[in-house]
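**Q** Residue numbers (the numbering used here), protein chains in the order written: chain A, 411 to 698; chain B, 9 to 175.
FYI, nobody ran anything at the bench for these hints, they're computed from the structure.
Just so we're clear, the structure is a prediction, and the values are computed from it rather than from any experiment.
Ideal placement from N, C-alpha and C gives every residue a C-beta, glycine not left out.
One or more hints might be untrue.
[What the hints assert, rightly or not] DEER-style ranges, computed between Cβ atoms:
hint, chain 1, residue 1, chain 2, residue 2, range
1, A, Val429, B, Leu120, 33 to 41 Å
2, A, Leu473, B, Phe152, 47 to 55 Å
3, B, Phe22, A, Asn412, 37 to 45 Å
4, A, Met460, B, Arg57, 26 to 34 Å
5, B, Thr150, A, Leu456, 21 to 29 Å
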Amino acid sequence: MNAFWQIIKRHAYIGLFVVLMFVSLQLFFRYHSYQQSMVHGFGLELQGGMNASTQRFRQLFYLRETNAALQAENAELRALAAMSHVPRTQADSTVCDSLYRQLYTYLPAQILYNSTEMKNNHLLLNVGRRDGVFPGMAVIAPQGVVGIVKEVSSHFSSVLSVLHSQSKVSVRLSSEAYSGSLYWNGKASDMAEMDEIPSHVVVRKGEKVLTSGYSLVYPPGIEVGRVVDVLSKPGDEFQRLSVRLVQDFKALDRVYVVKNLYRVELDSLMTGDMAGWPIRQAPEATED
Amino acid sequence: MRTLLGKNIVRFIFLVLLQGLVLAHIPLPLHLQLFVSVLFILFMPFGKRAWIGLLFGFLSGLCVDTLTGTWGLHAASATAAAFVRELYVRFSERYGHSESEFGTPPLSRMGLPDFSAYAALVILSYHAVFFALDAFRIWDLTTFGIMLGSSMLCYFCAFLSQKWFTR
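One chain only, chain B, in its complex shape (with noise of 0.2 Å):
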């Protein structure tokens, strides 16, 4: 348990630093956007305490607010996501009732369907917000494929790094 709270410690601070000082600052084709802060709340460990996760997920977007200077942003973005992401928790029978504290979302253990689901939810409800806030133009179609496309940009990384994260 120790373990996993070193490594989730870990995991937070390496994931704001490489998103508040390294991809903050690098420009991406087509105005696209990588977040790879939202990839702490997506393989936060799945556990009773709802409450934890909220507050995670905020600090975490709120450390990224404090590097990049987009205050409130990322945090209203990662809150956003961690309430999803406790959502899904709460009404996934398999997830919401299992006896572990602290178990973790790793692609083998829920499968592909499942894992693609909840990965898709909690990035895309990660990106609605912040693009939605940060455009305050929520059906301009430009804003929206941004959106959709840095989504998937995400979505991919989510996919890559999962091995790496729940290892």
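For reference, chain A alone in the conformation it holds in the complex (with noise of 0.2 Å):
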């Protein structure tokens, strides 16, 4: 203990040091407005910079919430755009958007599971029947089409996803009218193929594959991919194309589940489940 007060008293005159400094700073800066407003600007820029730095800090914790609520506004949106609605009349249609009605709206989704690697690849939502999803409406992301819902619960629905031996998609060429079908040769997950376009169709490697909206399932207009390498030989009536998917199904987060609002109506007219046009060979499906 002794020795403990022996430092401290040796070491004092740091700390009469710092009070008599501190005590001449306060003097002098309190009398020399110019010094003072040069240290007040330098501290508003230090917590400026401070505040700058923890609030980008803080806004990596509120990551999760903002991308819910950008993905909410983006549903929104879409369902605001000129791909989710359909004409009143077809002589006047294209005169005012007032005009159109809404066809499509848009559930934002979480996706719980994703398998990308299987021949027969399927997803999990966290929306089911409580939040208006039934088998049939298609499920798209931010860049292209993800698949269709296949099973439904209350809380969760099961996607086919794009990558299934048993998927397809109405596609067409953005340069051409011809549409064909889209569906996934079960090698790589960024690549599918496209066919039924005639041979006299001049396809352009790079050119961009849309959805084509006869199915009535998948808006029109939605990127699909866009053209490698055509396939097929010469003499084949139809073409065959190569196609890369822009969609990176490996980093897909958040969905969005596409509603048709005359999906009733549209049933009603069709013969069979619309929850089956999209999907080859399947037991239950009936193609369009």
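With the hints as a guide, bring both chains together as one complex.
**A** Have a look at this one:
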């Protein structure tokens, strides 16, 4: 204890120096306005810089909530977009937006499970019957199409991925009116094939492949991929195209379930179940 | 011992008045400034009671501030110089462990190299704090030049006056 006090006594001059310096500087800054303003300015800069840094750090904790809010807003905006509407009449369809009626709405959803490595891949979403999800509804992501809702429970739904052997999407080439079907060949998760394009159609590599909208499942005009190669041989009646998908299925996180507001009416007109439209060789499926 | 205290009190009053009433009003060329009040800190007796050196250093600066209206500027500089002086005493084995309570630091006793280093440290610390606070631009070349010039002037005065102060 005695040694401790000796050390304190020996170094007390440092404390005295700090106190005297503090008094001097207090006196100095009180009577020197230029230096005072400089210190205040520096203090503000420092505070601003630190606040900006901590704010950037704090924002990281709210990324999930921010993403959810943005996704909900995107869903609303997508519902307002032209591709989600149909003209009220054929004659006046192009005159004014108010003459279009809503055809699609979008429900934001989170992916709970996603397989990409199997021959038949599925996804599981955190939305279900209670959210208004039914089999046959399309699921899209910000970059492209994802699949079709296959089964639904109260709170969850399973989705037949585009990367499924029975999946089929009605698509068209961006430069041509001809539509065809896009299906997965079961090889790479970023490659698919498109067929039913007549042989006389000139296909350019890099051309966009968009949803046709004919199936009434996917809204029209959503980019699905780009043509990489023509696989068919000369003399074939139809061309088969190799398409690179724009959506990276391994990086999927949040998606939208597309609700067709006229689904019941359309169902009643169709002979079969809408859920079967895009599925090839499914027992309950009927091609459109 | 009493004589030494009296000498130091006279030195304190003389240097503070000289600085505050005379030198502060004499403009020097090239914006140089001569601070003789630092000589009081420089020639304060070495002792074991560090707080005395710090306190008197602060007081000398405060008195000059009162006379010149530079509130806090000389006080901060003098406190810094007194602290550097105290550090020198602590870390210099020869003076730090001096048995003498009131050992004085004359050139004749310290030797030229020691005294030069000691005076340079104390004078530079005083001027560095003074000009850094006054200009508030530490890395300004002009301020740095004036600071060095003023320090050299003061350094020269310290060598000139050391015989008279330590008599």
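**Q** Now tell me, hint by hint, if it's right for this structure.
**A** Results of checking the hints against the structure:
1. Distance hint for Val429 of chain A and Leu120 of chain B: a CB-CB separation of about 36 Å, consistent with the stated range 33 to 41 Å.
2. At roughly 48 Å, the beta carbons of Leu473 of chain A and Phe152 of chain B sit within the given window of 47 to 55 Å.
3. Range check, Phe22 of chain B to Asn412 of chain A: about 43 Å between beta-carbon atoms, so the 37 to 45 Å window is met.
4. Remark: the range hint 26 to 34 Å for Met460 of chain A to Arg57 of chain B is contradicted by a beta-carbon distance near 42 Å.
5. The given range of 21 to 29 Å is respected by Thr150 of chain B and Leu456 of chain A, whose C-beta atoms sit roughly 27 Å from each other.
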